[in-house]
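Going down the list, the protein sequences come from chains A and B. The first sequence: position 129 = 129 (this note's numbering), numbered continuously. The second sequence: position 111 = 111 (this note's numbering), numbered continuously.
Source of the hints: derived by calculation from the structure; they are not laboratory data. Don't be surprised by glycine CBs; every beta carbon is placed ideally from N, CA and C.
Some residues of chain B that are not near chain A, with every Cβ distance over 10 Å (derived):
1) D26
2) N29
3) T32
4) T35
5) Q38
6) H63
7) K117
8) M169
9) D170
10) R178
11) I180
12) L186
13) G190
14) S203
Simulated crosslink set (DMTMM-like; lysine to aspartate or glutamate; CA at most 20 Å straight-line):
15) A:K117 x B:E136
16) B:K117 x A:E133
17) A:K205 x B:D74
18) B:K117 x A:E136
2 protein chains.
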Amino acid sequence: MDSNCMSCTCLHDLCLSKVPLFASLDHANLVTITTQMQHKSYRKGETIISEGSHPLGFTVIQHGSAKAYRITADGREQILYIFPTHDYFGARFLFTEDAVPYSVEALEETHVCILSKTQLMQLLAEHPPVALELIEAMAHRMRRLELVVQSMGGRNAEMRIASMLLEFMDTYGKQTDRGIEVTLPLSREGLANYVGMARETLSRKLSQLEEEGVIAFIDSRQMLVKDRGMLVDLSVLAAE
Amino acid sequence: MDSNCMSCTCLHDLCLSKVPLFASLDHANLVTITTQMQHKSYRKGETIISEGSHPLGFTVIQHGSAKAYRITADGREQILYIFPTHDYFGARFLFTEDAVPYSVEALEETHVCILSKTQLMQLLAEHPPVALELIEAMAHRMRRLELVVQSMGGRNAEMRIASMLLEFMDTYGKQTDRGIEVTLPLSREGLANYVGMARETLSRKLSQLEEEGVIAFIDSRQMLVKDRGMLVDLSVLAAE
DNA sequence: AGTTTACTGTGATTCAAATCACATGTATGA
DNA sequence: TCATACATGTGATTTGAATCACAGTAAACT
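Throw the hints in and build the complete structure from the sequences for me.
Have a look at this one:
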């Protein structure tokens with residue numbers, strides 16, 4: 001299970017300094033906050049928070065990654081967010097309901113740092129610039145959700161997939177000599193649950209995109225984007 | 001077209017006092033801000049902001065209502081938000097991009113009050129409680145977007161419709177002697193564009209729900225919810 | 001009031017994606 | 001190293017929703 005790790009590298013590395021949200025804080029403040037935080041580790045597949053439970057608090061992913069998902073009435077797993085290293089979650093539902101609206105599960109060995117609700121509120125009250133940063137961060141997350149709603153409202157599977165690939169390209173893409181290389185954060189099953197379609201359909205459409213020369217796979221998790229323009233045209237970003 | 005209306009009732013009514021976001025401000029501050037704001041009127045069907053244009057600023061709906069939508073590549077209109085009276089929009093995209101990501105159109109005769117980006121920023125910096133209120137408001141909007149993503153990810157049309165009806169019930173529902181009466185904010189075509197499906201499918205499913213005794217229509221815009229529990233079971237909120 | 005225009009319901013048909021079924025491939029762990 | 005479970009691709013079939021087509025109805029305009 002999860003365990004407190006006071007001997008972890010959080011303080012030494014000052015993990016929070018890599019989180020844009022806290023960019024406006026000076027070193028002394030960061031140290032203070034880091035010591036206040038609770039630190040936990042999870043193995044791949046372990047649950048960080050369960051839907052319906054009491055919120056842990058504002059949680060920063062110091063190392064590793066996680067997915068936020070919900071099991072729907074028809075038994076499907078709908079993935080809402082992927083949180084990469086240095087991303088965070090929990091701010092949103094500290095401000096709304098008591099119960100956590102979705103589960104979060106570690107996708108790999110993952111270390112998190114948790115700030116309690118009271119501590120976060122105090123931080124926001126004492127450091128107004130952090131509140132503005134949080135607003136900006138939430139604005140970006142809303143922007144993404146709005147795009148997802150648009151792509152999910154679309155009729156064809158191709159649009160959803162193209163939009164997803166563009167999103168992952170922005171988050172995980174690296175420019176290499178062979179083109180933009182993207183490490184997909186999820187299995188095919190996971191990708192399908194992210195865009196809300198059957199695994200088989202996703203698989204077929206990805207093969208199709210590869211045949212058309214839009215993308216190329218190095219292996220099942222490593223992808224090259226050959227024709228970004230075509231992806232944009234297929235995606236929800238395309239103008240009418 | 002739109003026109004400035006300095007003679008409108010904004011100052012007298014102090015429209016902003018009805019907006020929860022500004023609950024923490026005292027009367028004097030509200031008056032100051034109201035005078036700073038730009039006031040405009042739109043007739044039904046008129047565009048308040050166009051996708052791709054420069055943001056107007058933080059916009060409060062003093063009277064009337066509006067829809068935010070985007071035309072997708074396949075020519076469909078995807079509705080993202082419905083803004084009822086005393087709701088507001090524009091905070092989100094003031095913090096992200098330069099261009100407005102969707103169009104907003106008045107659904108009826110509508111009066112709006114606009115605060116420019118600089119004015120909003122100044123307000124947030126000078127009145128930290130307003131920033132916290134804004135975070136809370138954004139959290140609620142994110143919560144709704146997350147629910148929409150979940151329902152859009154679902155396979156069947158019924159789930160999307162049930163989720164939409166519950167949402168409208170919360171926003172527009174009034175307890176009457178005959179049950180919970182809901183005035184739908186959109187035509188059938190609009191509802192279909194809101195949940196991302198064909199008008200015909202929506203129409204058929206609504207008739208079906210009426211036959212099953214879950215809802216009842218007084219006229220095409222007035223609806224009674226007879227069995228809220230059944231709607232919840234059909235919706236995205238249902239536990240697995 | 002009468003005409004035009006937009007809105008709505010319903011059947012018939014088509015079609016894209018889900019589901020079913022299974023073979024192959026790839027990790028994972030005893 | 002092998003065995004077991006998990007991941008992936010691909011064909012065949014089914015199905016739910018989109019599309020097409022049209023009639024009836026309500027609303028808006030002159």
